[in-house]
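A.B. asks: Just so you know, the sequences run in chain order A and B.
Residues in the first sequence are numbered consecutively from 1, following the working numbering.
Residues in the second sequence are numbered consecutively from 1, following the working numbering.
Hints were generated in silico from the structure; no laboratory data involved.
Check each hint, because a few of them may be wrong.
Unchecked claim - Footprint (simulated), chain A over chain B, 3 or more residues, beta carbon under 8 angstroms:
| no. | stretch |
| --- | --- |
| 1 | 14 to 24 |
| 2 | 114 to 126 |
| 3 | 283 to 297 |
| 4 | 335 to 349 |
The beta-carbon is built from N, C-alpha and C at its ideal position, and this holds for glycine as well.
Chain residues, written in single-letter form:
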Amino acid sequence: MIDADNVVQQIKQGQLFDFPGGVHPPQQKSLSNTTPINTIDEPERLYIPIKQHIGTQGSICVSIGQDVAKGEPLTTSANPFAVPVHASTSGKVIDITQHPSAHPSGLPETTIIIEPDGLAQWQLMPVMSDYLSADKVSILERICQAGISGLGGAGFPTHIKTNPQKSVECLIINGIECEPYISSDDRIMREHAWQIKQGIDILRHVIQPKQVIIAVEDNKPEAMDAIKTACIEDAGITIASVPTKYPAGGERQLIQVLTGEEVPQEGLPIDVGCLMYNVGTCYAIADAVLHGKALVQRVVTLTGQALGSPQNVWALLGTPIHHLLDIAGYDPKRQRSQKVIMGGPMMGFTVHNDVVPVVKITNCLLVPDKRELPDVEDERPCIRCGLCADACPAGLLPQQLFWHSKAKEYDKAQAYHLDACIECGACAYVCPSEIPLVHYYRKAKTDIKYQAAEKEKSEKARERFETRQARLLADKQAREEKHRLAAEARKKAMENKGGSDAKDKIAAALARAKAKRAAAAQANKDAEE
Amino acid sequence: MQFSLSSSPHNRVRRDTSQVMRMVCYACIPGILAQTWFFGWGTIIQISLAIITAVVTESTILELRKKDVSRGIGDYSAILTAILLGICLPPLAPWWLVVIGTFFSIAIVKQLYGGLGFNMFNPAMVGYVVLLISFPISMSAWLPVQSMAQTPYDFLDAFNVIATGYSQTGYSLAQLQLGVDSVTQATPLDAVRTGLLGGMTYSETLSAPIFISDWGWSYGWSAVSIAYLVGGVFLLQQRIINWHMPISMLFGVIVTAGLLNMLAPDQTGSIPFHLFSGAVIFGAFFIVTDPVSGSTTDKGRLIFGALIGFLTVIIRTYGGYPDAIAFAVIIMNIAVPLIDYYTQPRAYGHQP
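Chain A with its partners taken away, still in its complex shape:
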C-alpha cells in the first residue's frame, strides 16, 4: 500500500522511480501530432459491434428498420458488467448481422448496421451539472449508461473500476501514450485539457482519493503545458513529467514509476491504493455527466508513411476503416503490401480488411509503407544473447519463456512467470534473431487457459459421474434392502401362521383351479351335444 502524500512529496521534488528494461523505439509522433483533431464527415454506414469492452454484452433493444437518434442506446442489460453501445449518429438500423470484428482474429461478431440520415440528431441524457450534490450511485449509473469503458486500450468497464471496495490513496491519470506513432492522447490533452480536468473532478468526487497525479511523458511538452494551465488553480493535482521510455504507459509500469511500488501479480492497482484512468476516459466522463452525451466518438490517430495526410480525427464509433483511410489519403496502389495496424507498432494488431469498424479502444490506425515497418523474415534460432531479458519491463527471462512455450512445456513456462508478461513486445523488438516472442507467449497463454478450462470441465464431469454412480449404488442398496425386508416379513408371516395353514391355502387354490377347469370342460361338452 502506498502513502499518497509521500508519493506526491517525492514527485514534487522531481523524484521518480524507474522500471527495469524498456526500449526506445523511434517516436514518429510528429507525423500526426502537428495538426488539430479533425472533424470528419459521417461515413455511409456505421458498423457498431454490440460488445466493445471486457465483460458481458447487453441484449439488443432496437429492431431492423427502426429510426435511432444519436446517442440512443442500442443494447440494454441488467448485468453490472454489461456496458451499452449507442447509435453513433441518427439514422436507420438497416441490419443486425455478423460483421468482421476489430480483433486480431477478425472473426465476425454481432453488429448493428446504421445508415446515417445526415441530421446527427442527439438524444441527450439529462445534464448533471450539479454533480457535486449528486450521490455516487447516480454518477456511476450515468457513466455506465453513457457506455464508457477504458479508452486506453483494455476496455474495462469504467463504472466498475470507479466503485472500488477499498479506499483510494492515489487517482492516477495516464497521459503517457508511450507507443510510438500514436498521438490521440497528446492531441486531446492539448486541445481539451479543460474537459479532461472536469472529468478528473467528477472522478475525484466519486472516488475521494487522497491525491491526484496526472502523468505525462516528457516527449509531449505542449500537452504538459495545457494540462498544467488547466490545473493551475488546483493544489490537489500533481503533474508528473515521466521520462520517455516504452512501456512507461503500461498501468503496472506507471504505478512503479510514480510510487516505486509493484502491483501484486494476482492483484489489481487498487491493492496498492491506486486507480488509473486514461485521459480520453476522463474526457468521455465529463461529456456524459456534464453534457448528457453518450460515448459515440473518440480520437483516432491516422498515421504511417503510406498515408498522404496523417492526422488525428474525431471518429464515430462504428466508422469502417476504409472511410478513415480515404480521409487520410491512403493510396493502396502505391503500396506493395497492404497492412493496417489497429493500435501502435508495438502492441497493435493487423486488421483483416477495410470494413472493420472503429471501436471504443481503437486509438490509432497505423498504415506503414513497406520500408517503414518491414515484414520479418523467418525467425532464426535463439542465440541466448539475453537482449530480451535486458529489455523486459516485468523482469522476466523471455528466452526461457520462449524455449518452454515453443516446446509446449507450459508448467515450466509458468514457473518462469509467464503470467507476469504484459505482451508489450519489448523483447521481440530487440531480438536479433527476429523471433516473434510475444506470439509464442500468447499461444502459450491461450493454451494454458484452454487446458485449465478443459481440466475444470473434466473435473466437473468426473464429479457428476461419481455422484451419479453413488446415487445408483445407493438406489440399488435401498432396493435390495427393501426386498430383503419384504422377504423377511413374508417369511415371518408364514412362520407366525404356521406351515399347515399355508399348505392348506395352496391346496385350496389348486382345488379351486381344478374345479374351474372341470366346469369349463363340462360346458364345452354340453355345447357339442
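With the hints as your guide, set chain B onto chain A.
C.D. replies: Positioned in the frame of chain A, the structure of chain B alone reads:
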C-alpha cells in the same frame, strides 16, 4: 480490400544475428593484426584455413539436415567460431591440425547438438581442447616474437611450414622455434610452468629472454592482449556484449591471482602476468561472452565470469595444462543451467 497480417510488435531493431556475429568478427581485427605483427603470417593462414573448413563443414551438415544453407552460413556464426579457433592455434601448426579442430567444433560440438543456439559448449574452446589433448606437441609449438627469432620468416615460409612442415629455405618448425639464444620458445605461460616445475622461482623464470620487458610479462603477448582489449571495448560500446561477463572474469582472475601471489609470491604468477601473458583478455571479451553456451541472467553472468576467472588461475597454477581458459570455460558451460536456474530475476509483482 484484404490486408496482410503479422504479429505484434511490428517494429524491430534492425540488428540481426548475422550483424551481431559480423561485429564480433570485426572486433577481432586489431588483435589479429597485432598477433600477425608479433608472430608472423601464420595466424592469418590458420584463420583462413579455419574459415574454409568451417564453411565447408557447416554447409555440408546443413545440407544433410535439409536446412537452408545460405541462411545458415549467412548468420556468420560458423565463421566467427573459425576465427576464434584460428586465433588460438600456434601460428605455424600443421594444416591438418586446424582442419581437424574446426571440423570438430562445427560438426560435433555445434551441429550434432542441433546447430546454432543449441550447443551446450563453446565450439571453439572444445575444438581447442580436443587438439590440445590429442596433439600436445603441435599445440604448444608457439614461435618467439618475430624480433627475437633466430630465423625470421615471411608469408611464403609460413605457408610452406603449415602445408609441408618446412619453410622455403628448408627450416623445420622446431628450428624456427629457436630464439636468439637457441632456446626453444614456448608461450610465457608454458615457460613459467616449465620453470616452476623445474624448481626455479617465479622471478628466476621471468629472467628468461622470452620476457624481455622489466614488467614481468612478455612484451609481444601483452601488446596482443591490449589489441584484443581495444576490440572488446568496441563490442561493449556497441552493446554487442554485456559488461557483466568480461568484467567479472577479469575480477575473478585478479582476485584469485592476487591471493595466490600474496600467499606464495615466488611460486605463482603476479596479477599483471596472469592478465597479459596469455589469453585472459581475449578470453574475457571474445570467448566467455559467447551467448549460446553462457549464462543469460545478469547475476548468473557475474557468477559465470568470476568462476571462469577463478578456475583459469587455479588451472594455470595447479593444473596439467597452462592453457587454462579453454578448460575453465568448458567446465563452467556445464554449470550454466544450474546457475541460470538459481539466479532468475524477480518478476514484477512476485515475491522474491
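A.B. asks: Does each hint fit the structure? Answer for all of them.
C.D. replies: Checked hints:
Requiring three or more residues with a Cβ within less than 8 angstroms of a Cβ of chain A, the coverage given for the stretch 14 to 24 of chain B holds, as 5 such residues are present. Requiring three or more residues with a Cβ within less than 8 angstroms of a Cβ of chain A, the coverage given for the stretch 114 to 126 of chain B holds, as 4 such residues are present. With 5 residues having a Cβ less than 8 angstroms from any Cβ of chain A, the stretch 283 to 297 of chain B passes the three-residue criterion, so the hint holds. As drawn, the stretch 335 to 349 of chain B meets chain A at 7 residues by the rule of a beta-carbon pair under 8 angstroms; at three or more, the given contact holds.
The structure is consistent with each of the numbered hints, conforming to all of them.
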